[in-house]
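Trainee: Listed here are the chains, written in short residue letters.
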Amino acid sequence: MEPRGLFVIIGAAGDECAERVAGSLRDAGLEVVLSADPLVDPYDLTWRLGSSPPEDEISWGTRAASPREIAGVLVRGARALVEPDEWTEKDSAYVQSERHAALIAWLSALPCTVINRPSPEYWFRPARSFPEWSAILTGCGLPTAAICVTNQIEAAHDWAGRWAGCATYAPITSSSRYPLVEPAHWNELAKLTAVLPVCLLPPCAASASYGTVIRDQVVWDDDRPRGVAGLEPALLRLGSQLKLDFLQIEVACDEDGFHCLSVDPDPKLERHDEEAQGRIIANLVELLLASEHGVPDESAKARPTAHSLPEIWP
Amino acid sequence: MILVCGSIRDAVTELVCARLEAMRCPYRLLELGWFPERYVIRCTWDGSHPNGEIEGPDWRLALSEISGVFVRFSPPEPDAGAALPTGRLREAALIEHHAGLMALWENLSCPVANRVGGSLSNHSKPYQLLVIRRTRLRIPRTLVTSSPADARAFHDECGGRVIFKSLSGVRSVVRLMGTGDLDRLDVLRDCPAQFQEFVPGTNVRVHTVDGEVFATRIVSAAVDYRFAEREGAAAILEPTTVPAWVADACLDLARGMGLVIAGIDLKVTPEGEWYCFEVNPCPAFAYYERRTGQPISAGLVAALRDGDNRTEKSAREAPQEIATE
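Going down the list, the sequences are from chains P and X. Here the first sequence stands for residues 990 to 1303, numbered as in our numbering. Here the second sequence stands for residues 6 to 330, numbered as in our numbering.
These are computed hints drawn from the structure, not numbers from a lab. All clues stand as given, with none of them false.
Covered stretches of chain X, going by a simulated chain P footprint (3 or more residues, C-beta under 8 Å): (1) 33-47; (2) 107-118; (3) 128-136; (4) 141-153; (5) 169-181.
One side only, chain X facing chain P, incomplete, derived with CB under 8 Å: (6) Gly-52; (7) Glu-101; (8) Pro-197.
Cβ coordinates follow ideal geometry from the N, Cα and C atoms, glycine included.
Make the full structure from the sequences, and use the hints.
Mentor: Below, the structure is given as structure tokens:
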């Protein structure tokens, strides 16, 4: 019997999603490597690039064992590479840049299924701002919240007038949100606008739900808002456009209907209830197993939302 | 109206502004060295594109008036940002500044040279090689490895004529591997590196600007002509032309990456084979323009001035072959 290929899960220590997928595969008797950084000791990578893909040779494994064929990869946490303790900050930054550069290229060249095969746009800038997401979401037919970006407190107040003077401060480079309701909140915002452009969203909705796309499936919690499933075709378009198999979207519901509030290309399992978490893990494992059984190439052709092969792969 | 977003202390930004003046093309400079304290931004999104305006020291510009944007990020002026926090908080604040501007430029419908999204492939040179080899341009035989033994074997296979350079966008000097380098291959265990067979021939830098191609031939004995003086060599730059298919390949690369302007590093061998090494999304084209007189900045200004109304320019130069050494 031929040895089966192994599965590589790239994820930081403590990443529940990575650990549960790895556990499920191991329970099925499959060999799994779970690593935050599969290109450094004890792993060896040797990748020869020729003038065309058939001339390429990729060899990856540990020094202790023969190189093994990789059956499938799940990519979690683009920025979770191992930090060498003893290096200076400058050297460490350089090494991190180099490792990221090698890893994204290697993942792009792997001929197997890679769930969330990274593109430079999402690998090197995972925390894109909500205003940028907004244009993409709208283009896919998803409703988005109104946005204001300004460094003038008067303009911020004027904009919030639409909601009786209330709004939400959403820093451009983080997913944190701060309600702007009381005068004290606005005073703090005024200090920020003196030195920064700030991004404002409408007041926080009473409830928000998360939808997680796993290739052509969308998983919601059982108590999802009524009618939210109507967004699913647009969510699948979003995954297809971003060339991501696995992503998560936050949706708020208010009297005007649904509004997408955030997109996470690195979905967090803990945002869902237990039952939904189980379905997400099962769907991810199913995708990886399909690749091990040689399905992905054909399924990629058959399903418009599938993107198991990289765009740069001829 | 063209918006220039950069620092006048930067040679490329300065050249663009000078060209705008010379071409009597109206523009506004958002001096990043003094952003945001001397500027006011008021923008809203109620759909895919932003509306609003930017206010400078003595001007006001509606986003809808902008026909094109030239962006070149630079650090703040030493005296700027007095109200900013210090240390890491200051760094975080500056990142927030730039992110705010990026969000604006990414969503404008006019040409932006260059949007950040298209620029990121340059952070991984081997990734770019995968893209480049989809064209008819050749890529050098390349090894990416964390294995000292495999690096040594590749060096031997290539007859000892191997160069190494950074994998990422971090600027590095391209050098031929020497015996001293072979002695320290064990560091690969901590960080893979990229090795390439040395390609003999003449360096050619192609700048693509919208649909135009400006090719510069560099005559130098240095391995990395940008640092020729360090090697005790000279670098002579002169305008040249490239075969039409090479021009087309360069334009395809730039368009594919969404770059209004790009600097593409090529080499033509004595046998007439064309190799491509990388695509630079933030090219220091002032260096080439000042030495050759090629109107790269004028092409850029025209592309940004004409905005969405620009017509497709001829993608081809006259099909003259470049002289090879």
